[in-house]
Amino acid sequence: MSATDTTTVAKPRALPISVGARPDAAWPDPESPRARRAIQLIGLGTVAVTAAYLLWRVLVTITPVSAALGIPLLVLEAWSLVSFTLAVVALWNLDRVGPPVEVGQTAARVAVIIPSHDEPHQVLMPTLAAATRMRLASEVIVLDDGHREWLAGTCDELGIEYRTRVGRTGGIGGQLNAVLPTLEADFFVVLDADQVADRDLIGRTLGHFDDPAVALVQTPRDFYNTDSFEHAPRDGGDVTEHSLFDRVMGAGRNRWGSAMWTGGGVVLRSEAIASVGGIAESEHDHGTATSLRLHRRGWRSIQHNEVLARGRAAADAAQYADRRALDCAGDMQVLRTQHVLLGRGLSLGQRISYLTSLTSWFDGWRTLGYLLLPPAALLLSLTPAAGPVALFAALFLTVFVMRQAAMAALGRGSAPHTEASTFAVLRLAATLGTTFSVVTGRFPTSSAWAARDARRVPLLLWAVGLVNVLGLAWAAVTVAGPTPAEYPYPLIAGLAALWTVGNLTVLARAIARIRSPHFGGDRRKAHRIEVEGHVFVDGLRAHVLDLSLTGARLLCYGPVPEVESYCAITFTDPNRRPAVVTGTVLGIHRRPHGHELRVGFEADQTYVLGAILADALIPRA
63 MSATDTTTVA
73 KPRALPISVG
83 ARPDAAWPDP
93 ESPRARRAIQ
103 LIGLGTVAVT
113 AAYLLWRVLV
123 TITPVSAALG
133 IPLLVLEAWS
143 LVSFTLAVVA
153 LWNLDRVGPP
163 VEVGQTAARV
173 AVIIPSHDEP
183 HQVLMPTLAA
193 ATRMRLASEV
203 IVLDDGHREW
213 LAGTCDELGI
223 EYRTRVGRTG
233 GIGGQLNAVL
243 PTLEADFFVV
253 LDADQVADRD
263 LIGRTLGHFD
273 DPAVALVQTP
283 RDFYNTDSFE
293 HAPRDGGDVT
303 EHSLFDRVMG
313 AGRNRWGSAM
323 WTGGGVVLRS
333 EAIASVGGIA
343 ESEHDHGTAT
353 SLRLHRRGWR
363 SIQHNEVLAR
373 GRAAADAAQY
383 ADRRALDCAG
393 DMQVLRTQHV
403 LLGRGLSLGQ
413 RISYLTSLTS
423 WFDGWRTLGY
433 LLLPPAALLL
443 SLTPAAGPVA
453 LFAALFLTVF
463 VMRQAAMAAL
473 GRGSAPHTEA
483 STFAVLRLAA
493 TLGTTFSVVT
503 GRFPTSSAWA
513 ARDARRVPLL
523 LWAVGLVNVL
533 GLAWAAVTVA
543 GPTPAEYPYP
553 LIAGLAALWT
563 VGNLTVLARA
573 IARIRSPHFG
583 GDRRKAHRIE
593 VEGHVFVDGL
603 RAHVLDLSLT
613 GARLLCYGPV
623 PEVESYCAIT
633 FTDPNRRPAV
643 VTGTVLGIHR
653 RPHGHELRVG
663 FEADQTYVLG
673 AILADALIPR
683 A
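Each residue of the sequence shown is one higher than the last, beginning at 63 in the working numbering.
To be clear, the hints were calculated from the coordinates, so they are not data collected in a lab. We treat Cβ as the ideally placed atom computed from N, Cα and C, and that holds for glycine. Be a bit skeptical, because a hint or two may be false.
[Claimed, not checked] Now the in silico label distances, taken between C-beta atoms and shown as ranges: (1) ASP91 x GLY620: 41 to 47 Å; (2) ALA538 x PRO450: 25 to 31 Å; (3) GLN102 x THR502: 35 to 41 Å.
Given only the sequences and the hints, what does the whole structure look like? Please build it.
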């Protein structure tokens, strides 16, 4: 094959690139009745055992001698019982709603809306490219609060409607409300600016709206940059905090028709939104508050338990903390202003569903308590229990292990203890202070966390770690004899020391993750995707190592162009037509089976590359 003949290059010989099907992308297998009953019994049994244990703690172990440490620990254990009971109810049944029949054609008008603010070109282009190819979409609209000329020009080239507004109040809710009165659509899809949508998202979800009471269908949040700070790799796939919240708890809400608007990839009925006065406007939250409006007016919502859009997870610790701080502020605002517990219009199940989600942020105080109480016991020679301390130690550990095992079962494998405990520590500094806003009513409109050094460890974690180290060191010295202190209950001191070692292990994992060089560097650069498939470089077969909007790494098996020379790379688009992009060779490295090329792409190639990336980022299982 000729290396110079571009007409030869254009033959559709290259294979479509793909990252392969994600194991959690498709609709999950149905849960057997036997497995569901077993999980329910585990949950109920753990609630009963924990309640009996706490009653025993109050009646037997709390004395003037143990009150200083015993009462704070009892409060933490009581909150654990409350939050666990809410989780049992929320995760009781996950199989009430199955996938609808896919809609191939419809007379309904469905608009696709993409709110945007300041996202860079590299982030937006795959989103726009994917949106323009969504089947059954009557129009695609970009809402730009950044008033960017380049985005207006790009939308014009792609046939996308571009809109701006005066002012920036109300966040995403304000953006949407500015356009909804002029929208001639029966339904509309809202995508995040970094979200690559499946071409069949509309067809896969529209069938739910055959029920005229359904106002909202939410698809699970998922992410294409699986090497992000939020991802914790494990056998068979990966897990984030959203895995439990979206894929499992979201499905559990379907039995009450109370799925929440949790992010992009949501489909809404225009009539329903109009009936509640539009989208809730807030700098923190629009989705949860709008969901509440709908549910109070009798509308139902559904969690479509299939990944049909993927965005960008937090690349580093600073981005992660920033997002959690703002998420917490939004939920605290809803909790304070929307009267979820006593307000009218919600069923008992819906109230439990909302409370489970909104109050989960207070678990951070429990985490902090478990990090500080054991070293406090060592430093102050305190005991949390008087009387039968051996029985207390045995029951405390038994109940704790039971609760962790039960939560793993209820989470259907989406809440492994190691990852859950690590991320509970990682979000402490960003969310603890924000929880006070539910009392003060002062909700921060922005977070300073994103501007921080990505690898800077919060002072809180260092301080908590120091307390644990001092507690363990003091215990070692006390046992050796040089200090005047003594432990009246050696078994309790040993349990506290063992717990402190566990605390230090979790803190070390969290700090190591923050400090990891893997999560440093330029966080706004184009994300590079590891893909599978072959392309042609100047007509010669090559293998794609990774690809982004700005460049690629390719393994070439024959002669290669020179550094700083131009080359033509032939991909295959979704319709198996050749897509040729040009770029400059930036570097060449010899490899055992060929040469590795680093290629930088021309600026005018972004739409073609965006389309290619869109297909690689949202494969169908």
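Hints, verified against the model:
no.: 1; hint: ASP91 x GLY620: 41 to 47 Å; in the structure: holds, 45 Å
no.: 2; hint: ALA538 x PRO450: 25 to 31 Å; in the structure: holds, 27 Å
no.: 3; hint: GLN102 x THR502: 35 to 41 Å; in the structure: holds, 39 Å
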